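Each chain, letter by letter, is given below.
Protein chains: 2
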Amino acid sequence: MAVIVPFESPSGASIDGLVGLVAADMERVNATILSRTGSDVTMIPEVANHLISSGGKRLRPMLTLAMAHLTEYSGDGHVKLAAAVEFMHTATLLHDDVVDESEMRRGKLSARMLWGNEASVLVGDFLLGQAFRMMVEVGSLRALDILSAAAATIAEGEVMQLAAAKNTATTEDEYLAVIRGKTAELFAAACEVGPVLADRPKAEQTASRSFGMNLGIAFQLVDDVLDYGGKAAKLGKNVGDDFREGKITLPVVLAFRRGSDSERAFWIKSLERGEINDSDLDHAIGLMNKHRALEDTISRAHHYGAMAVDALALFPASPMKTALEQVVAFCLARSH
Amino acid sequence: MAVIVPFESPSGASIDGLVGLVAADMERVNATILSRTGSDVTMIPEVANHLISSGGKRLRPMLTLAMAHLTEYSGDGHVKLAAAVEFMHTATLLHDDVVDESEMRRGKLSARMLWGNEASVLVGDFLLGQAFRMMVEVGSLRALDILSAAAATIAEGEVMQLAAAKNTATTEDEYLAVIRGKTAELFAAACEVGPVLADRPKAEQTASRSFGMNLGIAFQLVDDVLDYGGKAAKLGKNVGDDFREGKITLPVVLAFRRGSDSERAFWIKSLERGEINDSDLDHAIGLMNKHRALEDTISRAHHYGAMAVDALALFPASPMKTALEQVVAFCLARSH
Numbered sequence: 020m021a022v023i024v025p026f027e028s029p030s031g032a033s034i035d036g037l038v039g040l041v042a043a044d045m046e047r048v049n050a051t052i053l054s055r056t057g058s059d060v061t062m063i064p065e066v067a068n069h070l071i072s073s074g075g076k077r078l079r080p081m082l083t084l085a086m087a088h089l090t091e092y093s094g095d096g097h098v099k100l101a102a103a104v105e106f107m108h109t110a111t112l113l114h115d116d117v118v119d120e121s122e123m124r125r126g127k128l129s130a131r132m133l134w135g136n137e138a139s140v141l142v143g144d145f146l147l148g149q150a151f152r153m154m155v156e157v158g159s160l161r162a163l164d165i166l167s168a169a170a171a172t173i174a175e176g177e178v179m180q181l182a183a184a185k186n187t188a189t190t191e192d193e194y195l196a197v198i199r200g201k202t203a204e205l206f207a208a209a210c211e212v213g214p215v216l217a218d219r220p221k222a223e224q225t226a227s228r229s230f231g232m233n234l235g236i237a238f239q240l241v242d243d244v245l246d247y248g249g250k251a252a253k254l255g256k257n258v259g260d261d262f263r264e265g266k267i268t269l270p271v272v273l274a275f276r277r278g279s280d281s282e283r284a285f286w287i288k289s290l291e292r293g294e295i296n297d298s299d300l301d302h303a304i305g306l307m308n309k310h311r312a313l314e315d316t317i318s319r320a321h322h323y324g325a326m327a328v329d330a331l332a333l334f335p336a337s338p339m340k341t342a343l344e345q346v347v348a349f350c351l352a353r354s355h
Numbered sequence: 020m021a022v023i024v025p026f027e028s029p030s031g032a033s034i035d036g037l038v039g040l041v042a043a044d045m046e047r048v049n050a051t052i053l054s055r056t057g058s059d060v061t062m063i064p065e066v067a068n069h070l071i072s073s074g075g076k077r078l079r080p081m082l083t084l085a086m087a088h089l090t091e092y093s094g095d096g097h098v099k100l101a102a103a104v105e106f107m108h109t110a111t112l113l114h115d116d117v118v119d120e121s122e123m124r125r126g127k128l129s130a131r132m133l134w135g136n137e138a139s140v141l142v143g144d145f146l147l148g149q150a151f152r153m154m155v156e157v158g159s160l161r162a163l164d165i166l167s168a169a170a171a172t173i174a175e176g177e178v179m180q181l182a183a184a185k186n187t188a189t190t191e192d193e194y195l196a197v198i199r200g201k202t203a204e205l206f207a208a209a210c211e212v213g214p215v216l217a218d219r220p221k222a223e224q225t226a227s228r229s230f231g232m233n234l235g236i237a238f239q240l241v242d243d244v245l246d247y248g249g250k251a252a253k254l255g256k257n258v259g260d261d262f263r264e265g266k267i268t269l270p271v272v273l274a275f276r277r278g279s280d281s282e283r284a285f286w287i288k289s290l291e292r293g294e295i296n297d298s299d300l301d302h303a304i305g306l307m308n309k310h311r312a313l314e315d316t317i318s319r320a321h322h323y324g325a326m327a328v329d330a331l332a333l334f335p336a337s338p339m340k341t342a343l344e345q346v347v348a349f350c351l352a353r354s355h
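Protein chains in written order, with the numbering used here: chain E, 20 to 355; chain D, 20 to 355.
This is chain E alone, in the form it adopts within the complex (with noise of 0.2 Å):
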């Protein structure tokens, strides 16, 4: 069921290459992310840490240390801003668990089905909190408004997919709207902050946040297709959740468009009304093969990958720029 799509350059498609450059500071990191996790209430780290240790990659705070280093930031600010990013998205992990009724994340249970949706709910409020202290303590004002801008902006993609939930009439364009809220804007505050830090002329900070917001969008358009015909195991949530809770994506958007009456019916039973029975995810497997609709998904992230390599072009040629080149080869070959 994997999907196969042309990939130029699967050599060089690695994170490798920005672990080990980030490697010190992201040690600091995660002494910060633990140290600040730690509460007298036991439940908090508890929570905490069963989401954070459960081996996500930490893309998005090596991001923010990645864009520190690419502009030569000199400081210490980094650190925090790139745990309070870590913290900002575990937050909205747990909160989207809650949302999403989910019983697996990263391959383990949820928290909510460990300690309960108040649990979830209340260890992620903390966490923003943790999170904005962080911001406050670095104490750079443009910093902490592109953060707090894009916390505000992340929850609207949210409500924004709430509301085109089961919608199955969505088109491209919203949904873009809808993904660039919910993920692609952490990538591009996490990176641009970097520049800023190293207080870099404005082109530098757009570029920064252009590179972050189009690897987002690749990023999740990738994670759309897998949830049709991934590496679950890998992925720790199982191959057809989306599908099983009518959840829109682009994959769908472009094979409801591109069907006949008759499979739009059935793209209306399954996701709008939730009749779905156990043969319905290989049907809808098919439909979106018969349309390319996948493949096309991989495409459309190509586009965007193209774009985040291009908003790189900017800075001089050096070993990170290398290696973030490699971290958007590695978001489109997850799709392999």
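Do not rely on the hints blindly, as some may be mistaken.
Same chains, same names: a pair is fine if it fits in one copy or spans any two.
When the alpha-carbon atoms are kept at most 20 Å apart in a straight line, the in silico SDA-like pairs for lysine to any residue are as follows [stated by the list, open to error]: (1) LYS185 with THR61; (2) LYS266 with THR190; (3) LYS266 with GLY135; (4) LYS266 with MET62; (5) LYS127 with MET326; (6) LYS221 with ILE287; (7) LYS309 with ARG277; (8) LYS340 with GLU223; (9) LYS309 with ASP280; (10) LYS266 with LEU306; (11) LYS221 with MET326; (12) LYS76 with LEU195; (13) LYS288 with ALA183; (14) LYS185 with LEU133; (15) LYS76 with VAL38; (16) LYS185 with GLY135.
None of these hints come from the bench; they were simulated from the model.
The structure displayed is predicted, hence computed values, not measured ones.
Guided by the hints, dock chain D onto chain E, whose structure is given.
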């Protein structure tokens, strides 16, 4: 079923003085609230305004304005900070309703009953993000520090309450730690940022914080009493909600400690195991009356109210100071 307690000076127990003195600023706060709940995602203003315009007293933002006046702040920042405080409060209410599975809030169906848990979680997140954006716009890192620390502490208090939930062995000290976090901290922060903006001496900042903290504790204790015998219509919630939810509040803590073995068995059965029949609420109130648990909770509230008034002592006499003293009396007099 109303609780009758001696109250020394019911005259002057009013928020009218405060309301009058901050009226002009409150208009600007209300306009700010309205504009900052705006979003192209129509569900956001719908959900937010359902709660924000449902007739809360807006006591917390009024306190921010009042303390800014009292300390002769001459700028504009207090308006945005007051709106941010109200957003933080509203976000907490939205998330609380999900955590408590509440059906009513301020006499109306709760947002989660009308739009679902998902919308309540996400719109809460959006309001928190907008609150931080406004704080950033004001540009005071000290105020940001105070309010972001409050956000983390509030969530911590809520998790603490969750962990103590249904545990009849909770001590009075443990319960005080919970309400310091979940309720009083926001009162404290709302008051503290006034003199911080005005750049007043540390002693005035601490006094303002102390006023808010003790007022907040008194406020919560009276709320706890009202839940066992208050004016439900006025409160907009039902008498006995805390009891039915197995919430441990000070009246329960006192009645449990002072009760016989068979009475303790009753509290454990109803609050820890949730086995409640129609006559149990009356029985619970009977036990509380027998042990003076409601009266003594009110006495405790008066103790914190007195501390709040004393905290104001270092400020010279002024109409605003008198109005703030009357607010304390008002909060206590709600129990009549």
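Legend entry - Numbers of the earlier hints that this structure fails to satisfy, in rising order: Hints 5, 6 and 12 contradicted; others consistent.
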